[in-house]
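Enquirer: Please put together the full structure from these sequences, using the hints given.
Single-letter residue listing:
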Amino acid sequence: MSVALLTLLTLVASGPEHEAPPPAPAAEAARSVHPDVVLRGADAQPVLQTGAPISLTKTCGECHEADWIEAHSYHSAFGSNRPYTDEDRPRPWDRFAGPWGRWSPLVYQRLSEPGDPRPDADLATWARLWGRRHVGGGPVRELAPEAEMNCLLCHSAKPNLEARARTIDAGEWRWQSTATLEGSGLVEATEAGWAYVPDAFLPDGAVSAARLGLHAASAQACGTCHGAAPAPGPTPVTLPHLDRARPSPGLTDGLVYSGQPMHLSGVNLAGKTELTRPWDIHAERMLSCSDCHGALNDPVHGSRDKKEQPAHLRAEVRGMALQDYLRRPDHDFATGRAAPGVLGAQHAGTMKRCEDCHDANQTHQWLPYPARHLQAMFCETCHVPRVHSPLIESVDWTVLTPERGPRTRYRGVTGAIDDPGTLISGFEPVLLPRATDGGATKVAPHNLVSAFYWVEGDPPTPVRLVDLEAAFFWEGDYTPGIVLVLDEDHDGRVGPDELRLDTEVKVAAVAAALEAVGVPSPRAVGEIQPYALSHQVAGHGFALKDCATCHSEGSRFTQPTRLAAQPPAGVVPGLVKDSPVPLAGDVVHEGGELRYVPTPAKAQLYLLGQGGNTVVDLAGWASVLLVLAGSILHGGARVMARRRPDDGEDRS
Amino acid sequence: MSPLLRVGIPLLLVLGATALVYAWPSPPPPPDDPWAHVAKPPAHLDHAPFYTAPLADGPAVTKTCLSCHPESAKEVMATSHWTWTGDEVHRPGAEPLRIGKANLFNNFCIAVTPNQPFCTSCHAGYGWKDKDFDFDEPTNVDCLVCHDQSGGYAKKPGGAGYPADGVDLLAAAKSVGRPNRSNCGACHFDGGGGDGVKHGDLDRTMLNPPPRIDVHMGKYNLTCVDCHKTHDHEITGRSMSVSVNDENRVFCTDCHSDRPHGEERLDSHTDAVACPTCHIPYMAVQTPTKLSWDWSTAGQDIGDDLHHYLKKKGTFHYAANVPPEYAWYNGLSKRHLPGDNIDPDKVTELNSPAGSLADPTAKIWPFKVHRGKQVYDVQNLYFLAPKTAGEGGYWTEFEWDKALRLGAEATGLAYSGEFGFAPTKMYWPLAHMIPPAAEALTCVDCHAEGGRMDWEALGYGSDPIRSGGRNTLRSVGTKREAGEQ
Amino acid sequence: MRRVYLHTVYERIWHWWQALAIMLLLVTGLEVHAPHTVALLGFRYAVFVHNVLGLALLLNAALGLFYQLSTGRIRSFLPEPRDFISLALRQVRYYLRGIFKDEPHPIAKTPMKRLNPLQRVTYLAILNVLLPLQIVTGVLIWGGQRWPSVVQALGGLGPLATIHTLAAWLFAAFVLMHVYLTTTAGHTWSAGVLGMITGWEEVENHQPKESQ
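Those protein sequences? They're chains A, B and C, same order as listed. According to this note's numbering, the first sequence holds residues 1 to 652 in order. According to this note's numbering, the second sequence holds residues 1 to 485 in order. According to this note's numbering, the third sequence holds residues 1 to 212 in order.
Hint data in this document are derived by calculation from the structure and do not stem from the laboratory. Cβ coordinates follow ideal geometry from the N, Cα and C atoms, glycine included.
If you anchor each label on the Cβ, the simulated ranges turn out as follows: (1) D83(C) x P368(A): 51 to 59 Å; (2) D546(A) x F84(C): 50 to 58 Å; (3) D33(B) x A210(A): 50 to 58 Å; (4) V150(C) x T549(A): 24 to 32 Å; (5) T363(A) x D33(B): 22 to 30 Å; (6) G450(B) x D359(A): 31 to 39 Å; (7) V150(C) x P370(A): 16 to 24 Å; (8) Q375(A) x T188(C): 51 to 59 Å; (9) A360(A) x C187(B): 50 to 58 Å.
Non-contacting residues of chain A with respect to chain C, defined by C-beta distances greater than 12 Å in every case (computed): (10) L161; (11) D359; (12) D418; (13) P459; (14) E504; (15) H540.
Expert: Following this line, the structure appears as structure tokens:
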């Protein structure tokens, strides 16, 4: 019953026009069961009359409890409600468990506490940095009452993200909800600011839900921030969401959620004609993000925290009543245990895992030792065999590019990731041991992102971007001192390949430059963040099946992975403190690179087919050779003895 | 050695070997071995030595053939390639009627009867220029059109099936062999008067297609008759445009398993979805096919353009690489017969597939749907067959009235003198031009929002991925649901 | 010289079965251990064959033990209760000196005393220590997925596989040594091997006191 109802809540497509020659492809006339909506401002008055910015808290809040929803949304709080204690803060300068107060080397700038003598980003700056990826509400409420959670971002058909981003960049947070409707015909940007278009409203001043395209949040909505999740259709998939200027999570965890076969996509993949698999088998099989990462109280897709359940019960069927759910839909979504400091870590383990839907025992009986393989590995180890989109390898803030950014390297590409001509060869994941919900350990595929940056003072804080810029640039160019240190070919400029601190001398010189602009005791440090790779899931046809992939000399379990091509000299990064997984190997400098060299034994694994323990093999060879040598000597001596003159005697 | 051991040891060895062989881990056998079902053609016999003297004309060739293959003409004459008629249909209050290409109307060039010498240039015989053609004369059978391997044989356009001028009949006769793609294609690729016009899944790209257009021919080098298996000149296969029953069809499952995917979810689709539905994602991949034809605009001097407007024929719409349309089809079809009454304000379906969601033998099939607007008798309310080609025909004089009178004479269907144009529709099921499996439709093509299937039109309440297939319907048609309402 | 019936039919079958299984186990084991050095069957099939052969070896060992116990012939494996050391030294002396001078074998072979003292200790160690160890570790590696807790309690696959590999090397060394020493067993190079095939061996006529 509820399944049917929920289906009704989503869009219902109308059929193709059968009688019109030529036949049109299935035309979409969206029909929504959502009632008409009166757009209201912060004063609860219809904006059509007042011209005020739209307040969705007041508009949607008429029926849905907007305050409750905002209070139950980690996307809104961004960690601001989860301060770290002194023990669990991963870095000395991290304050909250989430982008609000957990520093990210990918974004770099740090939200400074009030009273910070050397402040980096204030709230307005932070909101500009993160605004595109923040749904509003929570900490940014401080900026304007309309800097609220923006329901339209995920629940309207065509939210105008660019228009919203422009208003945020301009510091106009109060217009962010209104701007999201640009292009719907309801609002237009005029010289004097945003204006409403009365003709687009219904005669009674309301707006039809169909015009807004209101619907349950789709994968495309999640993809806006989390990676690439293009709408299904014949249009070839491209990866524009993997914007290197504002690194999206898709660049760390390879989220490309599309059912389109890779070989039909618009991405320049190596070996493309053979890649007849969909980008993600679950997208092909019509699963949406919320099917696994559902709202915690969703009566249909909900992924309740199993901790609350008696151990003998497999499922809790007494879901919330639909009307209660629609009034207070929990916007804390079920999460896994993937990335460090991930939002919603308080709900880690609530999401549906592979085994909640799949019975691997039934489908893996072809595999020798199936139980052993399933004990030792998460499903993703074989079913995410390769990530076919660019992933960040390293972010180096110890130097600044002419664009005032870090030196960033990507995995699995041969060129710039925003150039559609770049060939994407893909990345073979690093296998790291991760705890299961049941407390055991299995290996799972990961991406390792290393970051290098300067810290100052004690307790340390990252050197501010302004100070970095001051140390590196003078009137738009690198300072003569920087050029002198980095310009190896003496052509008077710092080329892209020269932008590296590969010697102690260069490190010391930049440190001196930083000190010269007032940075107290600067030193270069590094860290490694592991990101679980759980998307781009391959079906049975493309999952790893060949024993030799792991049981051979070139095993995936022993292959070194580059962490950084030209790390700053003398910096050996370690795992970030709150990493959910340990490394099972060593971080070593080899050939100018920083590499991770895994050792299966450190992950409590012994893999047949890798030659095993070399000491044992050496001893074995020695004993065999010894016996052989002894036999040859002894036998030779016997032969010699026989050849003596008295050999002819009758010996019988 | 004791007798016990003498027997016991070999026994143990045999048992051990058997156990080993039995327990040997082998990859699961492929679910599907299509090659096991493909007939090995008999070795080619070079016929060149049998033909020495020059051959005067087509019937002379046939006569020579029959001297060694005396039954062949009789066999051919029993097939629809010869009779152009097939199924007998029974209508209340009328004589049973044998229907076929010879006497049905379509919404392309409309009808054969008034235009015999022209249409019958695709007949597998010589001389069908009017109703006096002798269907019982063995030497009238055209052996060469199917068996010529010289590539030099052709029929004369508008020539009632006779060879074209200048054809080297001797060379053609010497070359005879198993029919190849161009033998079949000579007529079937050009249906509707040009390459790919009619079928949407048959055109000249199939003479030598790349695998992406036709995997069977382009990758595995199959020919038409490998699938359209033939016994005694009876070729398997059936065209829904000229027949209504479902005998003698060719199926993918003739060679492939009906559970071929190695995956339960996909295999379960085969209960309700025909193979071509997923495996022909686009029709007319390279060569455009005609999707609509409006006769009512013909006769104007507004500039001819082969793919859009011709004075002789009216307005067309062609397209290539287009998604098919989908409908239930159980192998039977409905057929509009000449003389059946029409409602000129409604679209008349000249043929349409039978079957529905409730019919367990029906599957969803892909179709090319050809939409037409064609001439009808305003008083009698039935479609008319104009004489188009030849003397007095519409294509020479552009006089509808005259063409229709001449047509009425030929068909025997009375013409009142008042004509108009009414919309029609024909269904052409698609089964050829199967690309490699990797190109097949995937779940999202049909099941995502805005997908290809019109679930409501097909009889489902909503997408069956949510509401269940016809055996497990949760939202429509079940007793429980009906009781609740 | 006289002909002595040394090896019963069963003993010979047991021996060659054992020999074949061990040789094949060594080869397939090497492929499982280091597939890049030996690639005969492919990893997957090598594992399978290795397991089947291991089972064959286990069965053979059990049957052999039963035979030796029930017939009492197991005594021929047990070291001499008395003058073992002096007999062993005589055997060593023979290998180091006597054999080059074509001296007769120091210890007479009889059906109940087929083995010289060195053979006795070696076989005792192989059959009671190395073979059981190899079978037990092999079964545990195979059973790792059935009884993970047992394997975990024993330190996981790592130590088990290390022991198994080491024992395999010792087997390989033993096989080599065994094959060579066989050439010293009879009065000719091949007499030992032929004896294990036919059962009969020609042995020197020893003094009654030596042959006891």
